[in-house]
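*Asks:* Residues per chain, in single letters:
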Amino acid sequence: MSVLQEMSPNVKHMRQLEYAVLAKKAILIREELKQGVRKPYKDVIDVCWGDPHRAGIKPLSFVRQVLAACLYPQLVNSDKLPVDVRQRAQRLLQECCGGSVGSYTATRGIPEIVQRISEFITRRDGGAPSPSENIYISPGSQWALTNMLKILVNSEASTRTGVLTPVPCHSTTTLSLEGLGAVIVPYYLSERQGWELQVEELQRALESAKGVCNPVALYVINPGNPSGHIQSRKSMQEVIRFVSEKRLFLLADEVYQECVYGENSEFVSYKRVLAEMGPPLSDTVELASFHSASKGYMGECGLRGGYVELVNLDPAVMIYIYKIFSKDSCAPVLGQMALDLMVNPPQPGDPSYPLYDLEKQHIRTALVHNVKKALAVLNSLPGFCCQPVEAGIFVFPRIHLPPKAIQKAKEVGLKPDTFYCSRLLEEAGVMVTPGCEYGQKEGTFHIRFCIMTPEDIMEELLKRLSSFHTQFMEDFS
Amino acid sequence: MSQEAANGGSPRGRVLTLENMNPNVKRVEYAVRGPIVQRAVQIEKELKEGVKKPFTEVIKANIGDAHAMGQKPITFFRQVLALCSYPELLEDDKFPSDAKNRARRILEACGGHSIGAYSASQGIECIRQDVARFIERRDGGIPSNPDHIYLSTGASDAIVTMLKLLVCGEGRDRTGVMISIPQYPLYSAALADLAAVQINYYLDEEKCWGLDVAELRRSLTEARKHCNPRVLCIINPGNPTGQVQSRQCIEDVIRFAKEEHLFLMADEVYQDNVYAEGCKFHSFKKVLFEMGPEYSSTVEMASFHSTSKCYMGECGFRGGYMEVINMDPEVKAQLIKLVSVRLCPPIPGQALLDLVVNPPQPDEPSYTLFMKERTAVLAALAEKARLTEQIFNTVPGFTCNPVQGAMYTFPRLNLSQKAIDKAKEEGQIPDMFYCMKLLEEEGICLVPGSGFGQRDGTFHFRMTILPPTDKLKFVLEKIRDFHLRFTQEFS
Numbered sequence: 001m002s003v004l005q006e007m008s009p010n011v012k013h014m015r016q017l018e019y020a021v022l023a024k025k026a027i028l029i030r031e032e033l034k035q036g037v038r039k040p041y042k043d044v045i046d047v048c049w050g051d052p053h054r055a056g057i058k059p060l061s062f063v064r065q066v067l068a069a070c071l072y073p074q075l076v077n078s079d080k081l082p083v084d085v086r087q088r089a090q091r092l093l094q095e096c097c098g099g100s101v102g103s104y105t106a107t108r109g110i111p112e113i114v115q116r117i118s119e120f121i122t123r124r125d126g127g128a129p130s131p132s133e134n135i136y137i138s139p140g141s142q143w144a145l146t147n148m149l150k151i152l153v154n155s156e157a158s159t160r161t162g163v164l165t166p167v168p169c170h171s172t173t174t175l176s177l178e179g180l181g182a183v184i185v186p187y188y189l190s191e192r193q194g195w196e197l198q199v200e201e202l203q204r205a206l207e208s209a210k211g212v213c214n215p216v217a218l219y220v221i222n223p224g225n226p227s228g229h230i231q232s233r234k235s236m237q238e239v240i241r242f243v244s245e246k247r248l249f250l251l252a253d254e255v256y257q258e259c260v261y262g263e264n265s266e267f268v269s270y271k272r273v274l275a276e277m278g279p280p281l282s283d284t285v286e287l288a289s290f291h292s293a294s295k296g297y298m299g300e301c302g303l304r305g306g307y308v309e310l311v312n313l314d315p316a317v318m319i320y321i322y323k324i325f326s327k328d329s330c331a332p333v334l335g336q337m338a339l340d341l342m343v344n345p346p347q348p349g350d351p352s353y354p355l356y357d358l359e360k361q362h363i364r365t366a367l368v369h370n371v372k373k374a375l376a377v378l379n380s381l382p383g384f385c386c387q388p389v390e391a392g393i394f395v396f397p398r399i400h401l402p403p404k405a406i407q408k409a410k411e412v413g414l415k416p417d418t419f420y421c422s423r424l425l426e427e428a429g430v431m432v433t434p435g436c437e438y439g440q441k442e443g444t445f446h447i448r449f450c451i452m453t454p455e456d457i458m459e460e461l462l463k464r465l466s467s468f469h470t471q472f473m474e475d476f477s
Numbered sequence: 001m002s003q004e005a006a007n008g009g010s011p012r013g014r015v016l017t018l019e020n021m022n023p024n025v026k027r028v029e030y031a032v033r034g035p036i037v038q039r040a041v042q043i044e045k046e047l048k049e050g051v052k053k054p055f056t057e058v059i060k061a062n063i064g065d066a067h068a069m070g071q072k073p074i075t076f077f078r079q080v081l082a083l084c085s086y087p088e089l090l091e092d093d094k095f096p097s098d099a100k101n102r103a104r105r106i107l108e109a110c111g112g113h114s115i116g117a118y119s120a121s122q123g124i125e126c127i128r129q130d131v132a133r134f135i136e137r138r139d140g141g142i143p144s145n146p147d148h149i150y151l152s153t154g155a156s157d158a159i160v161t162m163l164k165l166l167v168c169g170e171g172r173d174r175t176g177v178m179i180s181i182p183q184y185p186l187y188s189a190a191l192a193d194l195a196a197v198q199i200n201y202y203l204d205e206e207k208c209w210g211l212d213v214a215e216l217r218r219s220l221t222e223a224r225k226h227c228n229p230r231v232l233c234i235i236n237p238g239n240p241t242g243q244v245q246s247r248q249c250i251e252d253v254i255r256f257a258k259e260e261h262l263f264l265m266a267d268e269v270y271q272d273n274v275y276a277e278g279c280k281f282h283s284f285k286k287v288l289f290e291m292g293p294e295y296s297s298t299v300e301m302a303s304f305h306s307t308s309k310c311y312m313g314e315c316g317f318r319g320g321y322m323e324v325i326n327m328d329p330e331v332k333a334q335l336i337k338l339v340s341v342r343l344c345p346p347i348p349g350q351a352l353l354d355l356v357v358n359p360p361q362p363d364e365p366s367y368t369l370f371m372k373e374r375t376a377v378l379a380a381l382a383e384k385a386r387l388t389e390q391i392f393n394t395v396p397g398f399t400c401n402p403v404q405g406a407m408y409t410f411p412r413l414n415l416s417q418k419a420i421d422k423a424k425e426e427g428q429i430p431d432m433f434y435c436m437k438l439l440e441e442e443g444i445c446l447v448p449g450s451g452f453g454q455r456d457g458t459f460h461f462r463m464t465i466l467p468p469t470d471k472l473k474f475v476l477e478k479i480r481d482f483h484l485r486f487t488q489e490f491s
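Protein sequences, first through last, are from chains L and C.
Residues in the first sequence are numbered from 1 upward in steps of one, following full-length UniProt numbering.
Residues in the second sequence are numbered from 1 upward in steps of one, following full-length UniProt numbering.
There may be inaccurate statements among the hints.
[What the hints assert, rightly or not] Keeping only pairs whose Cα atoms sit at most 25 Å apart, straight-line, the calculated DSS-like set for lysine-lysine is:
| id | chain 1 | residue 1 | chain 2 | residue 2 |
| --- | --- | --- | --- | --- |
| 1 | L | Lys25 | L | Lys372 |
| 2 | L | Lys24 | L | Lys415 |
| 3 | L | Lys410 | L | Lys441 |
| 4 | L | Lys463 | L | Lys441 |
| 5 | L | Lys42 | L | Lys360 |
| 6 | L | Lys80 | C | Lys94 |
| 7 | C | Lys473 | C | Lys422 |
| 8 | C | Lys478 | C | Lys45 |
| 9 | C | Lys100 | L | Lys58 |
| 10 | L | Lys12 | C | Lys48 |
| 11 | C | Lys53 | C | Lys473 |
| 12 | L | Lys80 | C | Lys332 |
| 13 | L | Lys34 | C | Lys100 |
| 14 | C | Lys72 | L | Lys80 |
| 15 | L | Lys24 | C | Lys332 |
| 16 | L | Lys463 | L | Lys34 |
| 17 | L | Lys415 | C | Lys332 |
| 18 | L | Lys360 | L | Lys58 |
| 19 | C | Lys258 | C | Lys286 |
| 20 | L | Lys441 | L | Lys58 |
| 21 | C | Lys48 | C | Lys26 |
| 22 | L | Lys25 | C | Lys332 |
| 23 | L | Lys408 | L | Lys39 |
| 24 | L | Lys408 | L | Lys58 |
| 25 | C | Lys437 | C | Lys478 |
| 26 | C | Lys478 | C | Lys48 |
| 27 | L | Lys39 | L | Lys25 |
[Unchecked claim] Listing some non-contacts, in silico: residues in chain L with all C-beta distances to chain C over 12 Å:
| id | residue |
| --- | --- |
| 28 | His13 |
| 29 | Ser171 |
| 30 | Glu178 |
| 31 | Gly179 |
| 32 | Leu250 |
| 33 | Gly335 |
| 34 | Pro348 |
| 35 | Phe476 |
[To be verified] Which chain L residues stay away from chain C? Per the calculated CB distances, all over 10 Å, these:
| id | residue |
| --- | --- |
| 36 | Asp46 |
| 37 | Glu119 |
| 38 | Arg124 |
| 39 | Val167 |
| 40 | Glu201 |
To be clear, the hints were calculated from the coordinates, so they are not data collected in a lab.
Just so we're clear, the structure is a prediction, and the values are computed from it rather than from any experiment.
Even glycine gets a Cβ: it sits at the ideal position worked out from N, Cα and C.
Put together the whole structure using the sequences plus the hints.
*Replies:* Below is the structure:
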């Protein structure tokens with residue numbers, strides 16, 4: 001018998017991603033397209049991931065120029081690159097050991113970069129100090145989140161550790177929780193109220209955990225993924241009071257903070273709200289906030305640069321957090337640099353500023369346009385209903401699937417919304433993910449797709465989706 | 001009485017404390033970045049602030065980081081990566097055509113033609129194919145399936161992933177993992193984190209840190225009394241010991257793993273770092289297949305490699321892979337779940353790995369420079385290995401095995417009882433006491449042997465052989481002088 005047959009039960013209990021079904025199909029379809037097989041579409045529009053570049057958004061020139069010069073320092077002397085790019089690269093290289101992006105860095109990250117992140121946080125949050133010792137750069141924010149969960153989740157205890165997690169919630173976090181043997185305690189965001197977080201629902205969720213597990217933390221995503229909702233200050237204050245009262249650790253995933261476009265919508269960080277609430281809350285609520293270079297206008301998912309800021313943690317625990325991060329060595333240097341460029345972009349007056357600003361505005365304009373268009377189209381299609389999207393880079397419309405479609409899905413062994421997505425991929429060459437991947441109220445179905453794409457791609461996507469959907473609803477009526 | 005207590009609320013203590021945090025975390029140590037390094041960083045700060053010390057810089061010989069010590073990156077690799085980062089440079093005629101071709105091919109395989117897009121969690125497919133072909137070439141044609149290759153965020157990530165997959169069971173049934181003593185402390189840290197049972201097998205210092213199957217057997221028999229041993233980890237070439245396993249030894253280990261039904265984990269990140277005459281790197285996979293189908297179709301194994309060591313030394317890219325042999329197909333699905341939590345390994349690291357397994361060929365423009373740089377790096381390392389052994393073996397009280405491979409020396413220190421007692425007084429393990437003193441007096445940062453494991457009553461330190469030759473010589477002599485003083489002081 002294989003040695004590997006006996007394996008970690010935590011790993012066995014991790015669910016398979018629905019995405020796997022679609023990915024397999026997409027590979028086949030792309031292969032067929034390559035071989036010239038005739039299809040009603042010439043390419044697959046892949047909007048499954050929160051991955052702007054995959055969806056067609058171009059990287060920001062300034063960022064890539066600086067990174068290129070850091071990779072190949074000969075370019076620092078090349079007059080083909082703007083002066084501020086060269087200066088930035090030179091400074092960054094000086095901050096690397098041996099002047100090379102190939103060296104390891106300190107565990108938390110290159111100290112000067114960590115310092116600049118700290119300054120960014122302070123600026124963003126209206127002055128609240130952010131000690132460097134509390135910041136850890138990691139290979140993407142999820143890595144840091146997993147490390148924090150490692151500390152929080154005791155899978156050996158007789159009562160399992162629970163973490164309150166939103167429904168819907170992006171899949172990487174829930175997968176990570178399952179892998180650590182934690183109990184996911186779901187709290188349902190209120191779809192009819194634009195996916196609002198209601199504190200009464202947190203209360204209900206906590207109650208439901210009694211006798212089932214030992215809840216230690218509350219995980220919130222703001223701006224929401226996939227929900228696109230942005231919390232009001234009031235709601236955030238309620239959450240803070242809740243975690244304080246119930247003695248929960250607060251995990252705030254804020255990676256979409258740059259993408260806010262709803263009217264009257266404003267991102268405010270949990271750290272800031274906490275600080276503004278003053279003592280005793282501001283001195284006692286234990287908080288981990290996560291940010292990343294993967295989202296926002298940079299969209300540099302592949303560079304794997306993210307960070308966590310820890311607030312009000314026990315210094316004795318911080319020692320062990322350091323150890324957990326240090327055995328991973330350090331985050332990839334290019335990812336660290338991407339973070340640095342994110343928190344310190346070109347300023348007015350800098351030679352690179354005009355182009356940087358132009359590119360950023362272009363992406364933002366596309367995003368705003370796409371949201372409007374997508375919402376208009378989706379809400380005009382019978383069977384679709386989409387809540388307003390204020391922030392983030394996804395739409396998460398609800399689909400009312402006809403009973404015949406649900407039946408057919410059962411027959412082919414797929415969840416109903418996965419079945420819809422599978423058909424959409426096959427017949428229209430559009431790749432989106434089913435709501436079951438993120439969790440949803442029993443009996444409801446959704447799809448999620450990324451709206452941070454070039455405008456023409458969104459137009460094409462919506463065109464294909466509309467015509468597919470109309471046909472689908474007809475076929476299964 | 002506080003308002004809270006009056007309201008019947010719990011006393012205001014922290015939510016996350018040492019008492020209620022995951023107890024496994026408490027046992028995690030990683031000496032390579034441990035307390036001595038933290039002190040070294042502090043001293044550097046003090047030097048910057050103008051505090052006077054008997055030295056002007058701290059030499060960090062604690063970590064296997066070649067670039068930090070002045071080794072230059074391979075030009076071709078950096079050219080391709082710069083082109084991948086900013087493809088406008090493809091128009092620049094200062095870049096050679098072979099670099100441009102590689103860059104175009106990599107970008108073609110990236111989502112949206114950008115290194116900023118996620119890849120599949122297992123890694124970019126054409127890169128896995130290139131890795132498979134590299135392995136086939138290296139191993140004399142033995143087939144390698146790209147589907148069994150997993151790119152990772154450094155080899156460490158893949159090692160931890162496999163361990164996470166394998167460790168299970170309760171009480172006496174808990175998975176035991178055999179690791180060498182001394183070992184690279186990622187292993188002990190990962191085992192502590194996963195609450196696996198660490199099973200120590202001792203390398204033989206008298207025999208150049210050789211691995212003896214009899215010792216494996218002794219260790220396993222003992223371990224069976226209290227756990228369920230299922231995994232055997234080997235680092236070849238060794239870290240911190242640098243020994244390069246003979247082919248015979250590798251065969252013996254494979255035979256042992258088969259007999260005892262153990263999963264083999266072969267950490268081969270130093271495979272190009274072989275210096276000693278008569279020593280050669282044999283990949284575990286190659287030896288396995290050459291032992292015939294009785295072994296090659298049954299022994300389950302994972303081999304690990306990385307872009308951090310060898311002649312590239314690109315630690316900061318976090319590039320690596322593992323190849324899994326004879327993996328149960330049902331298990332593959334489980335492994336995919338685990339790697340998806342990581343989303344994907346950094347794309348620049350994947351791209352770099354692609355170049356390492358697909359370097360310039362003799363008919364390509366960049367070949368000459370590439371070979372020149374590669375040869376120079378490996379030759380310099382070989383020279384440093386030799387110099388280190390030579391100087392350290394002139395130090396009375398040091399016993400230094402030849403540095404056959406890897407990047408470190410791990411000499412044994414003869415410490416007097418007086419020194420040991422003094423260390424105890426200070427509340428320190430003797431080799432930590434020694435290394436701390438060396439740091440404070442000479443500004444040289446090493447890692448005490450206790451961080452890697454050693455036989456009871458013996459003391460060592462691990463030093464890298466990476467500083468430039470002149471500086472290395474300086475460091476070796478300083479350590480020799482320090483040791484003589486130390487011996488004198490504690491005689």
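*Asks:* Confirm or reject each hint.
*Replies:* Evaluated hints:
1. Proximity of lysine 25/L to lysine 372/L is assessed by CA-CA distance (about 30 Å); at most 25 Å being required, the pair is judged violated.
2. Among the hinted pairs, lysine 24/L with lysine 415/L is consistent with the structure: their alpha-carbon atoms are about 16 Å apart, no more than 25 Å.
3. Taking the CA atoms of lysine 410/L and lysine 441/L, the gap is near 18 Å; set against the 25 Å cutoff, the hint holds.
4. Under the criterion of a C-alpha separation no larger than 25 Å, the hint pairing lysine 463/L with lysine 441/L is inconsistent with the structure, at around 28 Å.
5. With a C-alpha separation of about 29 Å, the suggested pair lysine 42/L and lysine 360/L falls outside the 25 Å cut-off, and the hint is violated.
6. For the suggested pair lysine 80/L and lysine 94/C, the alpha carbons sit about 11 Å apart, so the restraint of at most 25 Å is met.
7. In summary, the hint linking lysine 473/C to lysine 422/C is not supported, as the alpha carbons are separated by about 30 Å, beyond the 25 Å threshold.
8. Between lysine 478/C and lysine 45/C, the direct Cα distance comes to roughly 22 Å. Compliance with the 25 Å bound is thereby established for this hinted pair.
9. The suggested pairing of lysine 100/C with lysine 58/L holds, with an alpha-carbon distance near 20 Å, which does not exceed 25 Å.
10. This hinted pair does not check out: lysine 12/L and lysine 48/C have alpha carbons roughly 52 Å apart, beyond 25 Å.
11. Restraint check: the Cα-Cα separation between lysine 53/C and lysine 473/C comes to about 21 Å, which is no more than 25 Å; the hinted pair holds.
12. Using a Cα cut-off of 25 Å, the hinted pair lysine 80/L and lysine 332/C is violated, with the two alpha carbons roughly 48 Å apart.
13. Under the criterion of a C-alpha separation no larger than 25 Å, the hint pairing lysine 34/L with lysine 100/C is consistent with the structure, at around 24 Å.
14. As the CA atoms of lysine 72/C and lysine 80/L are separated by approximately 24 Å, the hinted pair is consistent with the 25 Å bound.
15. For a cut-off of 25 Å, the pair hint linking lysine 24/L to lysine 332/C stands: about 15 Å separates their Cα positions.
16. Restraint check for lysine 463/L and lysine 34/L: the C-alpha separation of about 23 Å stays at or below 25 Å, so the hint holds.
17. Among the hinted pairs, lysine 415/L with lysine 332/C is consistent with the structure: their alpha-carbon atoms are about 23 Å apart, no more than 25 Å.
18. Distance check on the hinted pair: lysine 360/L and lysine 58/L sit about 10 Å apart at the alpha-carbon level, within 25 Å; holds.
19. At roughly 16 Å between alpha-carbon atoms, lysine 258/C and lysine 286/C fall within 25 Å of each other, so this suggested pair holds.
20. The hinted pair formed by lysine 441/L and lysine 58/L fails the criterion: a straight-line CA distance of about 36 Å is larger than 25 Å.
21. Only pairs whose Cα atoms come within 25 Å are accepted, and lysine 48/C paired with lysine 26/C is rejected, the gap being roughly 34 Å.
22. For the hint linking lysine 25/L to lysine 332/C, the alpha-carbon distance of about 19 Å falls within 25 Å, and the restraint holds.
23. As the CA atoms of lysine 408/L and lysine 39/L are separated by approximately 23 Å, the hinted pair is consistent with the 25 Å bound.
24. Between the alpha carbons of lysine 408/L and lysine 58/L the distance comes to roughly 40 Å, so the proposed pair goes past 25 Å and is violated.
25. For a cut-off of 25 Å, the pair hint linking lysine 437/C to lysine 478/C stands: about 13 Å separates their Cα positions.
26. Between lysine 478/C and lysine 48/C the alpha-carbon distance is near 22 Å, which keeps this suggested pair within the 25 Å criterion.
27. This hinted pair checks out: lysine 39/L and lysine 25/L have alpha carbons roughly 14 Å apart, not beyond 25 Å.
28. Listed as outside the interface, histidine 13/L is inconsistent with that label: its C-beta sits roughly 10 Å from the nearest C-beta of chain C, within the 12 Å cut-off.
29. Its beta-carbon lying about 8 Å from the closest one in chain C, serine 171/L breaks the requirement of being farther than 12 Å from that chain.
30. Not every Cβ of chain C is farther than 12 Å from the Cβ of glutamate 178/L; the closest lies at roughly 9 Å, contradicting the non-interface assignment.
31. Remark: the non-interface label on glycine 179/L conflicts with the geometry, its nearest Cβ contact in chain C lying 6 Å away (cut-off 12 Å).
32. At roughly 9 Å, the least C-beta separation between leucine 250/L and chain C is not larger than 12 Å, which violates its mark as non-interface.
33. Under the 12 Å C-beta cut-off, the non-interface status given to glycine 335/L relative to chain C is violated; the minimum distance is some 6 Å.
34. Residue-level check passed: proline 348/L sits 23 Å from the nearest beta carbon of chain C, beyond 12 Å.
35. Every C-beta of chain C lies more than 12 Å from that of phenylalanine 476/L, the closest at about 31 Å, which supports listing it as non-interface.
36. The claim that aspartate 46/L is not at the interface with chain C is violated, since a C-beta of that chain comes within 10 Å of its own (minimum 7 Å).
37. Every Cβ of chain C is farther than 10 Å from the Cβ of glutamate 119/L; the closest lies at roughly 19 Å, confirming the non-interface assignment.
38. Listed as a non-interface residue, arginine 124/L keeps its Cβ farther than 10 Å from every Cβ of chain C; the least gap is roughly 23 Å.
39. Every C-beta of chain C lies more than 10 Å from that of valine 167/L, the closest at about 19 Å, which supports listing it as non-interface.
40. Remark: the non-interface label on glutamate 201/L is consistent with the geometry, its nearest Cβ contact in chain C lying 21 Å away (cut-off 10 Å).
This entry does not satisfy hints 1, 4, 5, 7, 10, 12, 20, 21, 24, 28, 29, 30, 31, 32, 33, 36, going by the numbered hints stated previously.
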